[in-house]
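Protein sequences, first through last, are from chains A and B. FYI, the UniProt record's numbering numbers position 14 of the first sequence as 14, with every residue one higher than the one before it. FYI, the UniProt record's numbering numbers position 163 of the second sequence as 163, with every residue one higher than the one before it.
Where hints are given, some of them may not hold.
It does not matter which identical chain is meant; a pair holds if it fits inside one copy or across any two.
Using 30 Å as the maximum straight-line C-alpha spacing, the simulated DSS-like pairs for lysine-lysine come out as follows [stated by the list, open to error]: (1) 159 x 49; (2) 155 x 114; (3) 56 x 159; (4) 56 x 155; (5) 196 x 155; (6) 114 x 166; (7) 166 x 56; (8) 196 x 166; (9) 49 x 155; (10) 114 x 56; (11) 114 x 196; (12) 159 x 138; (13) 196 x 49; (14) 166 x 138; (15) 159 x 196; (16) 196 x 56; (17) 49 x 166.
Calculated from the structure, these hints are not laboratory results. In this text, all values refer to a predicted model and were calculated from it rather than measured experimentally.
There are 2 protein chains.
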Amino acid sequence: MNRRWLMWAALIGGAFIASAWTAGESESLARQPAAKGSLVEFNEDGSIKQPAGFRKWVFLGAPVTPNDMNEGEASFPEFHNTYMDPESFAYVEQHGEYRDGTVIVKELTSVGSKVQPSGNGYFQGGFTGLEVSIKDGKRFAEEPGNWAYFSFGHKYPLKTGASRNKVASCNSCHDQNATNFVFSDVYPVLKDVLTKARTEQR
Amino acid sequence: MNRRWLMWAALIGGAFIASAWTAGESESLARQPAAKGSLVEFNEDGSIKQPAGFRKWVFLGAPVTPNDMNEGEASFPEFHNTYMDPESFAYVEQHGEYRDGTVIVKELTSVGSKVQPSGNGYFQGGFTGLEVSIKDGKRFAEEPGNWAYFSFGHKYPLKTGASRNKVASCNSCHDQNATNFVFSDVYPVLKDVLTKARTEQR
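Isolated chain A, as found in the complex (with noise of 0.2 Å):
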C-alpha cells in the first residue's frame, strides 16, 4: 500500500517538476505570464475542446436566473457555477487583474427543486450546459478585451466542440455592462481578491 502512495506521489512530484520548468521558461517571454499548457483544447478550426478538470479549478460564485423568474425562458438556466483556471485566479490575487491565457468556465445546472428542510429557494438540480471564456491577446487579437466566447450548449447532451461566439452575442453585453469584461460583482470570491489586491496595490 506504501508502495502504491509512494509511485503516485512520485508521480505526482515529477510532474510538478515538469510544470515548474515549463512555468519557469514562459514567464520570461511576458510581463503577464501566460497559461502553462493548454488549460482548453483548441481544433484546427479555431472551436474548443470541452475542457476538463474545471470542477476543481476555483469556484467564483454561483448566480441563479430560473426560468420560472424570466417568463419560461432564461437565458442563462438556470444555475450558473462560475469557475476560474488556479493559476490565473493566483495572478488576480497577485495583481488585481486577469492575465492572458485566463479561463473562466460557467457550468449551468438546472433547478431540482424549490423546498427543501433549509427552506423555500431554489436548488440545484442536474448539469445542463456549459459555456467558456478564455482572455487570450494573440489568438482573440481582435475581440474586445481580448475576450472569446463559446458555448456547448444549454441541454444535454453538449456539443463535443464549441465555435467563438460572435461579438454581439457575448462580448458587447460583457464589454458594456461588467468590469473588465466579467461580472465580478456577482462572484464573491473573485470580487473579495479583487479588492484586497487592489488596496495592497495603493
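We have chain A already, so just place chain B on it with the hints.
Coordinates of chain B only, in the frame set by chain A:
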C-alpha cells in the same frame, strides 16, 4: 531562473513524496485514511478556529434560500456556497463514501441583487456567514454518523471560534433528511462523483 525554479520544484516535489509516504504509513492504521495534518484547528475546549483556504477547496453546489421566499427569516440566509476539502473529495471519487476527517464548509453570502443583464434571479452579494461540519470517528464517536456541526454565525463580523452545535440543532435533521448525513442531492458536483463511484463498484 530555470535552475532556481527546478530547485524549488525538487524541494516541493520531495516534500510531497515525504508527506505522501507519511500518509501511506497512517493509511495502514485504519481502513479509511484520516486527513493529513489538521484541516481545521481545534482549541482545547473542543471549539474550532475558522478554517483557512477553503475557497480553493472543491465546490459542491450552491443552494439559495432567500429571506424573501422564507417570510424574511431563512434558516440559512441566503446563498450557501459549499465546499469539501480536496483529499476527502478524492476519497469520495474513489470509494463513493465519506472518509474519516472529511470537512465540509458552507459559506453564506447575501443576495446582492435580483436583476442583472443575464435576467431576473438571485445574485450573490457579500459574505455573511460560515458553517463547518466534520466527520471524525474518534473525536465525535457519540455523534450520529460521527458528524459534528459548527457555526461561526450568520452575520459579520463572524465569531473567531465555534463550539459544536447540539445534536438536535443540526445533526438530527441531517440524520433524518440527508443521505449519509450530507445533502448530496442538492450538490450536483458531489452527487456526480458519488453516482460514478457507486456505479463502478457494481
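Right, here's what the structure says about each hint:
For a Cα distance limit of 30 Å, the shortest separation of residue 159 from residue 49 inside one copy, 9 Å, qualifies, whereas the shortest one across copies, 45 Å, does not. In this assembly of identical chains, the alpha carbons of residue 155 and residue 114 lie at most 30 Å apart whether taken from the same copy (21 Å) or from different copies (24 Å). For the homomeric pair residue 56 and residue 159, the shortest alpha-carbon distances inside one copy (21 Å) and between copies (29 Å) are both at most 30 Å. Taking CA atoms no more than 30 Å apart as the test, residue 56 paired with residue 155 passes in both settings, with 22 Å inside one copy and 28 Å between copies.
For the identical chains of this complex, residue 196 and residue 155 are inter-copy neighbours only, at 21 Å across copies versus 37 Å inside a copy, given an alpha-carbon limit of 30 Å. For a Cα distance limit of 30 Å, the shortest separation of residue 114 from residue 166 across copies, 28 Å, qualifies, whereas the shortest one inside one copy, 35 Å, does not. Taking the shortest alpha-carbon separations for residue 166 and residue 56, only the intra-copy value of 29 Å comes in at or below 30 Å, while the best inter-copy value is 33 Å. In this assembly of identical chains, residue 196 and residue 166 lie within 30 Å of each other by CA distance neither inside one copy nor across copies; the values are 34 Å within and 36 Å between.
For the identical chains of this complex, residue 49 and residue 155 are intra-copy neighbours only, at 17 Å inside a copy versus 42 Å across copies, given an alpha-carbon limit of 30 Å. Both within a single protomer and between protomers do residue 114 and residue 56 lie at most 30 Å apart by alpha-carbon distance, with minima of 27 Å and 28 Å respectively. For the identical chains of this complex, residue 114 and residue 196 are inter-copy neighbours only, at 26 Å across copies versus 35 Å inside a copy, given an alpha-carbon limit of 30 Å. Only within a single protomer do residue 159 and residue 138 lie at most 30 Å apart by alpha-carbon distance; the minimum there is 26 Å, versus 48 Å between protomers.
In this assembly of identical chains, the alpha carbons of residue 196 and residue 49 lie at most 30 Å apart only when taken from different copies (22 Å versus 34 Å within one copy). When the C-alpha separation of residue 166 and residue 138 is checked against a cutoff of 30 Å, the pair qualifies only within one copy, where the shortest distance is 17 Å, while the shortest distance between copies is 57 Å. Taking the closest pair of Cα atoms, residue 159 and residue 196 come within 30 Å of each other only across two copies (21 Å); inside a single copy the shortest separation is 38 Å, beyond that limit. For the homomeric pair residue 196 and residue 56, the shortest alpha-carbon distances inside one copy (23 Å) and between copies (16 Å) are both at most 30 Å.
Within a single copy, residue 49 and residue 166 get their C-alpha atoms as close as 18 Å, which meets the 30 Å cut-off; across copies the closest is 49 Å, which misses it.
In summary, the one numbered hint that this structure violates is 8.
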